[in-house]
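Enquirer: Take a look at the letters that make up each chain.
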Amino acid sequence: MYQHDGEDVFVIDAHVHLWDAREDNIVHEGGEEFIQCFYDYHTTFTPEERQWDMSEYRHYGADRMVEDLFGNAAADMGIFQPTYLTDFYDEGFNTTHQNAELATEYPERFVLNGTFDPRDGDDGIEYLEELHETYDIPGVKLYTAEWRGDSKGWRLDDEEAFRFLEKCQELGIENIHPHKGPTIRPLNRDAFDVKDVDDAASSFPELNFVVEHVGLPRLDDFCWIAAQEPNVYGGLAVAAPFAQNRPGKFSEILSELLWWLGEDRVLFGSDYAIWNPDWLVEEVMEAELTPEHRAEYGVEWDLETKRKVMGENAAELYDIDIEEKRRTFQDDEISQQFDLGDHYASEEPAAADD
Amino acid sequence: MSTPEPTDGAGSEGPDRAAVRDRLDRVTDPELDRSIVELEYVDAIEVDGDRVTVRFTLPTAWCSPAFAWMMAIDARDEVETLPNVADARIVLREHMHEREITRGVNQRLSFAEAFPDADGDVAAVRVELDRKARIARQYDAIEALLEAGLGPGTIVDLTVADLDRPADRAAVSAADDDAERIPIAVQGEAVVVPVPAVPLDRYLEKARTTGVVSDSDDVLFRTPEGDPIDAGSFDLVHRRGRLAKVNMSSQGGICDGLREARERRFEEAGDD
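These protein sequence lines map, in sequence, to chains Y and R. In terms of numbering that gives the first Met the number 0, the first sequence is residues 0 to 353. In terms of numbering that gives the first Met the number 0, the second sequence is residues 0 to 271.
Some clues are possibly wrong.
To give an idea of the chain Y side of the interface with chain R (calculated C-beta under 8 Å), a few residues [claimed, not checked]:
(1) ASP39
(2) PHE44
(3) ARG118
(4) THR182
(5) ARG184
(6) LEU215
(7) ARG217
(8) LEU218
(9) CYS222
(10) ARG245
(11) GLU251
(12) ILE252
Quick list of the computed label-pair ranges, beta carbon to beta carbon [said to hold, decoys possible]:
(13) Y:GLU107 <-> R:SER232: 42 to 50 Å
(14) R:ALA123 <-> Y:GLN336: 48 to 56 Å
(15) Y:GLU295 <-> R:VAL192: 21 to 29 Å
(16) R:VAL192 <-> Y:GLU48: 47 to 55 Å
(17) R:VAL197 <-> Y:PRO290: 39 to 47 Å
Since the hints were derived computationally from the structure, they do not count as laboratory data. Glycine is no exception: its CB is placed at the ideal position from the N, C-alpha and C atoms.
Produce the complete structure using the sequences and hints provided.
Expert: The structure is reproduced here in structure tokens:
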């Protein structure tokens, strides 16, 4: 667990991937452009001494991922958000099946999400049912800008998409994570427009819509939708690494999010392996709101808020019992591997004067 | 606007580079609502008689083709407003669609002709980004008014005519700086409050472009949807203006970062 000023903070990294962008998996030039674009985001917002080289970035594998997430106890759990891109990558870029390699080996440490694509029609519904049966997925990551043949994207407020959301509701798949964020070459910028979330969220009040990347570069549209739809949440992936080299900007974005959504609807995510929690968690935990922003927005980035954003809010959505996890992690395989037992040792909060 | 002067050397009747630069300064990155000169996108201005060539580079090679297109078109049209420019040629560099855009703009094609495969409508994109720029500029204008001491009730009732600079009431400058101020009459002309002109003018320009105001008795400030503002929702509308500004500067942060990363890579490549 992350130690912050003598206090433990349980960190759920709500946005991680196990991807494969090796050349022999790429079947379309879009696949190469996509990973190159990811790499630009990586180098732009990663401290120079922590940057990876391109070959390790293409494929880092399960062992390295476990070490990056848990080795220095930066994160306690990770939520897999798949990105299929099967038009670009032979076996897919980061599918539920690929992620399952780790998620089934360490079921206590990972949450495994699925996906759907309404353009797949009845086959897609069947696939969603299959994911539900095989992995009991509690959520889906949706990529509205994904290419499929001639189609360059789809909308969450389409009739066909609603059919899939109904199916999610029927199967008890409650957490819907649409990617609404920065353009990634070669995908179409407009297919990341966040406005389609509005109708979907109001039509499915029992589902939770976690908008990944808080809609950037449409933070304004996102916050306005979230202010009106109580089941809309914001995923901090992409905004988080601003803490490292744009601290004033980070303070401002976080202040806006806390003002419009409140402290219960913002979730931390690293976007691993675009950024690595082994340094990013610390940057976000140690970040401060500027005195000007605190005064202007009347919000705080204090211990209570950090606990919610870094873990408790995700735990709430995914029915994770943090105290139970803490007991389990005292001697699970990962704690043994990295000698982390002490991090989970104190079961009850220590007395105030200890 | 400075008066164009003949270029040195050639003795031609073309514009000087400063005049071209002044024109380009009016062109904005539509997503950031900041001048392409200020953002340092312009790499070179070449003057050959009455022909001008402008070369520019965007922060990322995959910056939206629609945005790149808008900037290229606007740059061409602005430079061609100079009386001694017959032809402005725009060259976009280091972009995934540099050929289509450079060719399309210089051959005066439409976006649809330059990009037969594009499924976006550049006019609609421009309308949406202009709308956001208007909201962000309104925030700055209202901040200036609040700082000058006007209250929300007064601000929501202001009309376009209130920003007029009547001949008999000359614009005033405060003692501490030379910034032009507009005298705004409030409380039934009983009080005149000087307010910095720049944010008000910038707002009015975008309010006109976006069509939310046209007549002089139109209410000046609007909700993001374009309606007059109810005094009771003043704070919320103003918050939304702040949010639009934060969004723009956040995107600016991403663009700046990507550009720095790219420049580092070029430097490293140069060192090899």
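Enquirer: Would the hint on Y:CYS222 be counted as holding, given a Cβ-Cβ threshold of 8 Å to chain R?
Expert: holds, 6 Å
Enquirer: Hint validation: Y:GLU251 versus chain R, beta carbon distance must be below 8 Å. Holds or violated?
Expert: Hint on Y:GLU251: holds, closest Cβ of chain R at ~5 Å, below 8 Å.
Enquirer: Restraint: Y:ILE252 near chain R, CB-CB cut 8 Å. Satisfied or not?
Expert: holds, 6 Å
Enquirer: At a threshold of 8 Å, is the proposed contact between Y:ARG118 and chain R supported by beta-carbon distances?
Expert: violated, 15 Å
Enquirer: Can the hint on Y:PHE44 be confirmed by a CB-to-CB distance to chain R that is less than 8 Å?
Expert: Hint on Y:PHE44: holds, closest Cβ of chain R at ~6 Å, below 8 Å.
Enquirer: Tell me if the interface restraint on Y:LEU215 is satisfied: Cβ within less than 8 Å of some Cβ in chain R.
Expert: holds, 6 Å
Enquirer: So, Y:ARG184 near chain R? Judge it on the closest CB pair being under 8 Å.
Expert: Holds, because the Cβ-Cβ distance from Y:ARG184 to chain R comes to roughly 4 Å (cut-off 8 Å).
Enquirer: Please check whether Y:THR182 passes as an interface residue: C-beta within 8 Å of a C-beta belonging to chain R.
Expert: Cβ of Y:THR182 sits 7 Å from chain R, so the hint holds.
Enquirer: Given the hint of 21 to 29 Å, check if Y:GLU295 and R:VAL192 actually sit that far apart at their C-beta atoms.
Expert: The hint (21 to 29 Å, Cβ to Cβ) holds, given that Y:GLU295 and R:VAL192 are roughly 24 Å apart.
Enquirer: Verify the CB-CB distance for Y:GLU107 and R:SER232 against the hinted window 42 to 50 Å.
Expert: Between Y:GLU107 and R:SER232, where Cβ atoms are some 48 Å apart, the hint holds.
Enquirer: With chain R as the partner, please determine if Y:ARG217 meets the hint condition of a C-beta pair closer than 8 Å.
Expert: Given a least distance of 7 Å, the restraint on Y:ARG217 holds.
Enquirer: Is the distance from the Cβ of R:VAL197 to the Cβ of Y:PRO290 consistent with 39 to 47 Å?
Expert: violated, 27 Å
Of the numbered hints stated above, those contradicted by the structure are hints 3 and 17, listed in ascending order.
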